[in-house]
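Listed in order, the protein sequences are those of chains A and B.
Going by this note's numbering, the residue at position 204 of the first sequence is 204; the numbering climbs one at a time, nothing skipped.
Going by this note's numbering, the residue at position 215 of the second sequence is 1215; the numbering climbs one at a time, nothing skipped.
The hints are simulated quantities; they were obtained by calculation from the structure and are not laboratory data.
The structure presented is a predicted model; accordingly, all values stated were derived computationally and were not measured.
Ideal Cβ positions, reconstructed from N, Cα and C, are used throughout, including at glycine.
Just so you know, not all the hints are guaranteed correct.
[What the hints assert, rightly or not] Chain B is nowhere near these chain A residues, computed Cβ spacing over 10 Å in every case:
id, residue
1, Phe37
2, Glu96
3, Ala200
4, Ala423
[What the hints assert, rightly or not] Taking lysine-lysine pairs in the PhoX-like style, the calculated list, with each CA pair at most 20 Å apart, reads:
id, chain 1, residue 1, chain 2, residue 2
5, B, Lys1052, A, Lys184
6, B, Lys1003, A, Lys184
7, A, Lys131, B, Lys1176
8, A, Lys333, A, Lys310
9, A, Lys131, B, Lys1041
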Amino acid sequence: MINKKSNPMVNPFQTSTPEDMTTENTVSLFVDVFTDFPKLLSPGHTFLHGPRGSGKSMMFRYLMPDCQCHADNCSIEKLNFFSIYIPLKKCNFVSELKRVENVHGSDIISSTLLTLHCTINVFSQLTDTLKTLENTPELIKETTDFYNDCFIKRLQQSMWGKDIDGIITDNTSVSAIFKTARDKCREIYEILNQYIKRYAINPKSIDYQGAICDYLDFLFPILEGIMKLSFMPANAPIYLLVDDADNLSESMTQILNNWVYTRTSQQVSLKISTQLDYKTYYTTVGHRIETPHDYYEVNISTTYTSNKSKYRERLEAIVQRRLKLAGIDVLPKDFFPEYKKQTDKIATISERIRKEYEEGKWNAACVNDAITRYSRPEYIKEQAGTKKSSSSYSYAGFEQLTHLSSGIIRFFLESAFSMYSEAISKEPSKPVNSIPVGIQNKVVRQEANTFLFDNLDDQANDCHENSASPEQGQQLMNLLQAMGGMFRACLLSDRSERRVFSIALSDTPSEKIKEILKLGVKLGYLHEATIGKKNALFGGRTRLYILSRRLAPIWTLDPSGFAGYLFLQNDLIEAAFHSSDAMLKRVIKDDVLSEDIQLVQPTFDF
Amino acid sequence: MKKYELCNIKQNIPDNIGTFICCASFEDRSCSIAKNLDVSKIAKAVIFYNEKFVSVSQKNIDKLKHTFDDKSVVKELKTDDSIYSTDVILGALSDISKDDDAKIVIDITCFTHESLLILFRILVELQLLDSSTFIYCSTDDYSCNKKDVAQKWLSKGIIDVRSVIGYPGNILPSKKCHLIVLTGFEHERAYSLIENIQPNSLALAYGKASNETTSKNKDASRLFTELLERKYRLYPKEVLESFEIYCDNLKETIMVLSENIEKHSDENIILAPMNNKITTLGCALVALKYTNVQICYTEPFQYNVEHYSQPGSSCYIFNLKNYLQEGPLY
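Let the hints inform the model, and build the full structure from the sequences given.
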């Protein structure tokens, strides 16, 4: 990571897994976003949804006790809550588990596995966090009592009364006691895993003889016991920060939903992050968890795609902080300058529009609206000329780069990292005080192509009709190309709103359309929002799908400002699944673009 | 490990073959070994194929069925259901006894990495490894319709990342995760895998460019190495290692993998074989040796079905009798 001491040669945009970041680095790099997501700080089960790279894990890292103590300059017992980070990685839940799913007792196995997984993380984190605690005899005694009277008792119950050899009498530190508890849980976890592995190869061979644990009878009372210890914050809740819950199988997800369904959030709140692919909201007994009754819901994409200034402010603060830590004392807008020749030309066009507006030429609410809405599209249109190429349009400038990152902080940081690396490689001995416009433009164009599977031509030419490519992948690709093509046609047209970046559904979407659009959202190509239906008489709302601004360079679209949307009917969307070209020809032939273009409310952006 | 011309296979494999095992795929390579065998010396041929590719593999399934005629037994595997595939392979091998005199010969060339690993694990489970001989057919070129190495590709995207049945490892929560990727030509798939696993540290194992198997594609390897390294900006240099593996030397592959694994002995280790099938077997052997190692598989989004490879004229023949001195760990 970035050196604490300023070092201009360190790439200020280097990112790392938040889990591995030191306390100091986390606190120094974190920009407080909790005012955007206040539910995360309050007691109560909360789902935090957002695509990869939107900052979920960083938020969780900052909520951990070491960072909270460092940021507030206080000790653990003064904290308002005590968080425990529980990563759910794919490798933790092996393919062998599928064998035990849907057989008698599978819920018990899944529940035990998830409970032990979390308990191990609880004790592991306590082992690390409490290493620096001053170990008085009183603290050691009360922790030993917790171990013997609470933890071992629960363990004995979970083992169906089997003898547990685990009572401890002397220990040197609180941390060591929690380490013993962690190791004991690991032993039980290993026994369960051995069973699952053997059962997968030969299901008839063995019976499970190990522990059976669940949330309410095992983990929850243990957490309650921990919070009663005098060095823990008094009367404060525990937050279990369950990261990447999409990695759970459906049956494990139902177990987690059982936990959400419990009314224990005042003592233990589950803060669950997902990458928009949470398998189910049903519990194992068929209840559906509902918001706000059972949990709160926060969607980073919706928050940041519906409020451009909030996202820009956050990103600017993050970039400013990173530049400062790297010893680069310039503003983000100066570090990522615009292409002056282009800016000047757009300014000239703006002046022309100003004059023409007064002559009644432009359809806009006011002169500034006309300038915002038409100056850049007019410039792109002029660049395109008769060849309709317009590839000379430059995407340089902090403002444009912010729009291109499409509400996802890591997109910006990854592009900026590449730009910085390229800039410094040109003159290795010279500190980088700004990124040349050519490099900015080149990197974002390259990244747009990479984002859409490296090479669109390959997709079209090499995909065999019977190849292993799932049909839906190709259909999504076709839809994205159709959307880009339509938006490009709008931009080069003489319409009143040319900056179209979204489609809305005119009628109830078919299952196929829902499936493909969901895939697009999951993969980050589309953002989802809702908007009022066309029919003013009956009202109601419909889904709006916004193309990721990150793809804008592929079709040389204008990524800035608020944009319009197109209402499309099912048959047109389904036509795009089969062939983007055929769909685009139909769009032009039927003059679809002349109708139904509407302005998105200014709250929708990115 | 010796390399032979395909026309010399007959002289270099056992005479009494009780079971020949192969996998028919969309690659013409899937028939290269079979057509060079003496069918009269084979009692039974088990021909696997993947349900997902059946339409593009049918031609080669038919060729193999024709080659072995009434000795052939055709079995379907499912790339998206590894439990199902495990049961099919287990069923296909269950009537073979370790005490049989007749030997097993396995053409590993066109199995997916995952199904090969499962097959190998079942051979170990049924104690059939000592009576098995493995053959791997080389290629003359990959992604053969593209001359420019930057344009070459074998597969794109990933549908799923999962542990391979039989190699779950003893993965403990709260331990750090070290990922070792044996890279091949599938840089995008490798990148997606790393994004998906999000390990705490990463080792990239590259095919050694100086040896015969990879020399013809060393430009592609170099290009992809650069691409991969450029992509891994999430990983500061101190947690990103790289080393070379030997694509045609199992012992050396096991040795270098073991060295890296032992450096991370107190971590969960995820091993992702994405190079050739010989190194995939190296990974299997290593995973059975170290309890903290899990093998994972990335199911591709799309294969380059039409131009995946161009069959070579040689093959590697080897057995693994002395590689697994200890019994199975699970």
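Okay, the hints, checked on the actual structure:
{"no.": "1", "hint": "Phe37", "result": "holds, 22 Å"}
{"no.": "2", "hint": "Glu96", "result": "violated, 5 Å"}
{"no.": "3", "hint": "Ala200", "result": "violated, 6 Å"}
{"no.": "4", "hint": "Ala423", "result": "holds, 15 Å"}
{"no.": "5", "hint": "B/Lys1052 - A/Lys184", "result": "violated, 44 Å"}
{"no.": "6", "hint": "B/Lys1003 - A/Lys184", "result": "violated, 51 Å"}
{"no.": "7", "hint": "A/Lys131 - B/Lys1176", "result": "holds, 18 Å"}
{"no.": "8", "hint": "A/Lys333 - A/Lys310", "result": "holds, 17 Å"}
{"no.": "9", "hint": "A/Lys131 - B/Lys1041", "result": "violated, 68 Å"}
Violated hints, listed in ascending order, are 2, 3, 5, 6, 9; each of the other numbered hints is respected by the structure.
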